[in-house]
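Number of protein chains: 2
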Amino acid sequence: MGERITVNASVREQHSHGEGSGLIGMPDLVAFAETTEEVSKLVALAHARHLPVVAFGTGTSLEGHVSAIEGGLTIDLSRMDRILEVNPEDMDCRIEAGVVRSKLNEYLRDQGLFMPIDPGADASIGGMCATRASGTNAVRYGTIRDNVLGLTVVMADGRVIKTGGRVRKSATGYDLTRLFIGSEGTLGIITEIQLKLHGIPEAISGATCQFESMAAAVQTVIEVMQAGIPIARIELLDESQMEACIAYSKLTGFEVLPSLFFEFHGTQAGVREQAEVAESIALDNGGRAFAWATDPEERNKLWKARHDAYWAARAMRPTYGAFVTDTIVPVSKLTEAVLGVKAAIVDAGLLAPMVGHVGDGNFHTVILVPPEDGGQERAWTLDRKIVEIGLSLGGSCSGEHGVGRGKRDFLVREHGEETIEVMRMVKAALDPSGILNPGKLLPDRVGQN
Amino acid sequence: MGERITVNASVREQHSHGEGSGLIGMPDLVAFAETTEEVSKLVALAHARHLPVVAFGTGTSLEGHVSAIEGGLTIDLSRMDRILEVNPEDMDCRIEAGVVRSKLNEYLRDQGLFMPIDPGADASIGGMCATRASGTNAVRYGTIRDNVLGLTVVMADGRVIKTGGRVRKSATGYDLTRLFIGSEGTLGIITEIQLKLHGIPEAISGATCQFESMAAAVQTVIEVMQAGIPIARIELLDESQMEACIAYSKLTGFEVLPSLFFEFHGTQAGVREQAEVAESIALDNGGRAFAWATDPEERNKLWKARHDAYWAARAMRPTYGAFVTDTIVPVSKLTEAVLGVKAAIVDAGLLAPMVGHVGDGNFHTVILVPPEDGGQERAWTLDRKIVEIGLSLGGSCSGEHGVGRGKRDFLVREHGEETIEVMRMVKAALDPSGILNPGKLLPDRVGQN
Chain B
1 MGERITVNAS
11 VREQHSHGEG
21 SGLIGMPDLV
31 AFAETTEEVS
41 KLVALAHARH
51 LPVVAFGTGT
61 SLEGHVSAIE
71 GGLTIDLSRM
81 DRILEVNPED
91 MDCRIEAGVV
101 RSKLNEYLRD
111 QGLFMPIDPG
121 ADASIGGMCA
131 TRASGTNAVR
141 YGTIRDNVLG
151 LTVVMADGRV
161 IKTGGRVRKS
171 ATGYDLTRLF
181 IGSEGTLGII
191 TEIQLKLHGI
201 PEAISGATCQ
211 FESMAAAVQT
221 VIEVMQAGIP
231 IARIELLDES
241 QMEACIAYSK
251 LTGFEVLPSL
261 FFEFHGTQAG
271 VREQAEVAES
281 IALDNGGRAF
291 AWATDPEERN
301 KLWKARHDAY
311 WAARAMRPTY
321 GAFVTDTIVP
331 VSKLTEAVLG
341 VKAAIVDAGL
351 LAPMVGHVGD
361 GNFHTVILVP
371 PEDGGQERAW
381 TLDRKIVEIG
391 LSLGGSCSGE
401 HGVGRGKRDF
411 LVREHGEETI
421 EVMRMVKAAL
431 DPSGILNPGK
441 LLPDRVGQN
Chain W
1 MGERITVNAS
11 VREQHSHGEG
21 SGLIGMPDLV
31 AFAETTEEVS
41 KLVALAHARH
51 LPVVAFGTGT
61 SLEGHVSAIE
71 GGLTIDLSRM
81 DRILEVNPED
91 MDCRIEAGVV
101 RSKLNEYLRD
111 QGLFMPIDPG
121 ADASIGGMCA
131 TRASGTNAVR
141 YGTIRDNVLG
151 LTVVMADGRV
161 IKTGGRVRKS
171 ATGYDLTRLF
181 IGSEGTLGII
191 TEIQLKLHGI
201 PEAISGATCQ
211 FESMAAAVQT
221 VIEVMQAGIP
231 IARIELLDES
241 QMEACIAYSK
251 LTGFEVLPSL
261 FFEFHGTQAG
271 VREQAEVAES
281 IALDNGGRAF
291 AWATDPEERN
301 KLWKARHDAY
311 WAARAMRPTY
321 GAFVTDTIVP
331 VSKLTEAVLG
341 VKAAIVDAGL
351 LAPMVGHVGD
361 GNFHTVILVP
371 PEDGGQERAW
381 TLDRKIVEIG
391 LSLGGSCSGE
401 HGVGRGKRDF
411 LVREHGEETI
421 EVMRMVKAAL
431 DPSGILNPGK
441 LLPDRVGQN
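Chains as they are written, first to last, in full-length UniProt numbering: chain B, 1 to 449; chain W, 1 to 449.
These are computed hints drawn from the structure, not numbers from a lab.
Do not take every clue at face value.
Note: identical chains are not told apart, hence a pair may lie in one copy or across any two.
Claimed, not checked - Each computed DSS-like pair below joins lysine-lysine, with the alpha-carbon atoms no more than 27 Å apart:
no.	residue 1	residue 2
1	K385	K162
2	K427	K162
3	K385	K41
Start from the sequences, fold in the hints, and give me the full structure.
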C-alpha cells in the first residue's frame with residue numbers, strides 16, 4: 001500500500017480520537033484502505049500478529065469509539081467513497097463505507113431520491129451503521145438500522161462476508177445485518193452497504209411554535225405522536241438552546257422560550273392536513289403563534305440552526321469545553337424526564353442547553369464545562385445524573401450516539417448482567433482474539449480492569 | 001408440572017408437524033409451559049441431559065420448523081397467552097409468546113390500537129417472532145422484525161435474558177432482539193415480547209382492479225410503489241387464484257383475470273388522494289374498472305377471500321395435496337419473476353395458483369400436488385425451479401415463511417458459504433450442545449448428513 005500506510009505522528013494523532021470525548025488513544029499505524037480486499041488483508045495481518053484494529057470513518061463519533069486505546073492499526077475507510085450502484089426503480093443503492101451522507105444525497109437528488117438518516121455530523125455511512133446512528137428524521141424514516149438491506153463485512157480473521165441482500169424482507173437465516181449494525185467495529189469492519197432509499201416528498205412544510213413552559217411543549221409532542229401524524233421531524237429546543245441559536249444563527253422572530261420545530265412530508269394536501277392537526281394540538285397546549293415555514297430558504301435556515309445547536313451552545317461560553325449527553329425514554333415519560341433533567345442542571349449550577357428528537361423520546365443536553373478546577377468532574381457528575389434519570393424511567397443510556405468507551409459503565413444497569421454476558425459470547429465467537437476495537441462497547445467483567 | 005408434561009401419543013402426534021410440510025418428527029415428551037420460569041427449568045433439564053428442545057406455538061409454520069426430527073422435548077407455549085401490559089400513550093404492549101394475533105387485536109380494538117402483522121394463520125406472536133413473519137400489511141408497517149422493541153428469551157442452558165426495552169430506538173449494545181427474530185428456536189426460546197403498536201387509521205378504503213395480463217398487473221404494482229404511495233396492502237392474484245376465490249368465497253362482480261386488491265390507510269383526505277393516484281396508474285396500464293370498496297363489510301369479504309386463498313386453491317382439487325412456495329425479488333424484477341414462474345408452472349403441467357404481497361416483491365404459488373405416483377416429485381421439482389428463478393434475480397428463497405427444514409438447502413446458494421459459517425459460529429456460541437431445534441435453519445456442512 002506504499003504511502004497509504006503510515007507511522008506519521010500527525011496522522012496518528014488525527015486518528016487518536018473522535019469528537020466530544022477527551023479520550024485519546026494513538027494507533028501505532030494508520031492505513032488508508034481503498035478496497036474491501038485491502039481491508040481484508042490488513043485485518044488478516046493484524047489477526048496473525050494479535051494487533052488491535054480500529055475502523056475509522058470521519059472521526060465524528062462522540063463516545064470515544066475510534067480512539068485506539070490499545071494502540072495497533074487504525075484503518076481509515078474515508079477513501080472508500082464510491083457510490084457503486086443506484087437502482088431508482090427499487091429505491092436502493094450500494095455504496096462503500098466511506099461515503100458521507102451529504103455526498104450521497106447530492107448524488108441522488110436528480111433522481112428524486114434521498115437517504116433520510118441525518119446525525120448532526122456529515123458522517124460516513126459505514127460509521128453510521130457501526131454506531132446505529134439516527135437523527136431528526138428517525139421519527140418517520142427509522143434509524144440506519146431500518147434502512148440497511150445488506151452489508152459487506154470483513155471479519156476478525158480477514159474473511160469477507162455478505163449479509164442480507166437486495167430484497168425488502170427475507171426470512172432466511174440469522175439477521176447478521178442487524179448484528180453488525182451498532183456493533184461499533186467490535187465484531188467486524190463494514191466495507192460496503194446496500195441501502196434503502198426514499199422518494200423526495202412531493203411537498204415539505206415546516207412550522208415552529210413557542211411555549212411558556214417545557215411541560216407544555218413536551219405535552220404537545222406526546223399528543224402529536226399519539227394522533228398518529230406521520231411527522232417527519234419534531235424537535236424541542238429549551239429556552240437556553242433558543243437563546244444560543246437566536247444569537248449564533250441570527251434567527252429572527254423568536255423569543256427566548258421553549259420551542260418546537262416541525263417538518264411535514266407528503267403530498268400537498270397531506271402536508272396541509274398534518275400541519276393543521278399539529279397546530280390545533282399546539283394551540284390547545286397554550287402554544288403561541290404557530291408559524292408556518294413553507295418557503296424552502298426559511299425552512300433550511302431553521303434546520304441549519306437546529307443542526308448547529310451544538311456550536312451555538314458552545315458559542316455561549318467560548319472558553320468552556322462541552323459534551324453532549326444522549327438519553328431516550330418512552331414518549332409518555334418525556335415530561336418527567338425533561339423536567340427532571342432541567343432540575344438536575346439547576347442543582348449542578350451548570351449551563352446545559354437541551355435539544356432533542358423528542359418524537360422518539362430522545363434528547364440531548366450540551367453540558368458546557370467550566371474551564372476551572374473540578375469543572376470536568378461537575379459536568380461528568382451531571383451527565384451520570386441525566387443518564388440515571390433516563391434509565392430510571394425505563395429508558396436507554398443512548399438513543400443514537402452509541403456506547404464506545406463513554407457509556408460502557410451503564411450497560412449492565414440498562415440490560416442486566418445476563419444479557420451482557422450473551423453479548424460477550426457473541427463477541428468471543430466472532431472475534432476470539434479480541435483484536436477488533438478492544439475496550440469498546442462491552443463492559444469488562446467485574447474483577448477485570 | 002403434573003399433567004402438563006406428557007408422553008401421550010396423540011399429544012405427541014399433534015406436536016410432530018406444522019402445516020404445509022410432510023415432515024413428521026415425534027417428540028418424546030410434550031410440556032405445556034405456563035411461565036418463563038417453567039420454560040427455563042425445562043430447558044435447563046434438557047440441557048443437562050442433552051435432550052433436543054423444540055418450541056411450539058400454534059403449529060402453523062410451513063417449512064417443518066416444529067417437527068421434532070431428533071425427538072426430545074417439545075415445549076408448547078400456547079398457554080402462555082397473557083397480555084401483560086398495554087401502554088396506549090406509548091403505543092406498545094408486553095405479551096407472552098403464546099398470544100395469538102386475533103386475540104391481541106380484539107383486546108386492543110377499544111383503545112384504537114392494532115398490531116398490523118398478519119400472516120395467513122392466526123399464529124402466536126412468539127412463533128411470528130421466531131420465523132420473522134410478515135403478511136399483507138408489511139409493505140406499509142414492516143415485518144415483525146420492525147415491530148418488536150424487546151424480548152424475554154430462555155437460552156440453551158436455561159438462563160433467562162431480556163433484550164431491548166421500551167424505547168423506540170437505542171444505540172447500546174448488540175441487537176440481540178433482531179438476532180433472535182428469525183432464529184426459528186435455534187438460538188433461544190422467546191417467552192415474552194414487547195411490541196410496537198399502531199393507531200387504527202382514521203380512514204380505510206379498499207379497491208380492486210382486474211387486468212388482461214399478469215404483466216400489466218405487475219407493472220401497476222411497480223409504478224404504485226415508485227410513486228411513493230404509502231399503500232397499506234397491495235395483493236396480486238393470478239387468474240387461476242381468482243377462479244378459485246370466486247368459487248370458494250362466492251365473490252361476485254369479478255372475471256377470471258389477474259387482479260389487484262388494494263387497501264389504503266390514512267385520513268379521509270389522504271386515503272382518497274392515495275386511491276386516486278393508484279386508480280390513474282392502474283387505468284394507464286389497461287386496468288379494467290377500478291372498483292372502490294369503502295363499505296367495511298364488502299372490504300372484509302374481499303380480505304377474507306384473500307386470506308382464504310390457500311383453502312380456495314385446495315378446493316379446486318379436493319383430492320390433491322398442496323404446498324406453498326415463498327419467493328421474493330426486488331420489485332423491479334417482479335414482472336420477470338412472475339412470468340418466469342407462470343411459464344415454469346405450464347412446463348410442469350401442474351395447477352399452481354399464484355398470490356402475493358407484491359408491494360414487497362413477495363409472492364406465493366400454491367402447488368396442487370396430484371395424488372398419483374410421482375406427483376410429489378413433480379411438485380417438488382417445480383418448487384425448486386421457482387426458488388431458482390427468484391434467486392437468479394437477486395431474490396431470497398423465503399420472504400416470510402422461513403427456512404425450517406424445507407429451505408435449508410438453498411441457504412448457501414443465497415448467502416454464500418462464508419456467511420453461513422458465521423451463522424454457525426453464532427449458533428455454536430449460544431447453543432454449544434446443539435439442543436435447540438436441531439436440524440433446522442442452518443444447512444449441514446458439506447460432508448455432514
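- Item | Structure versus earlier hints, numbers of those that do not hold, lowest first | Failing hint: just 3.
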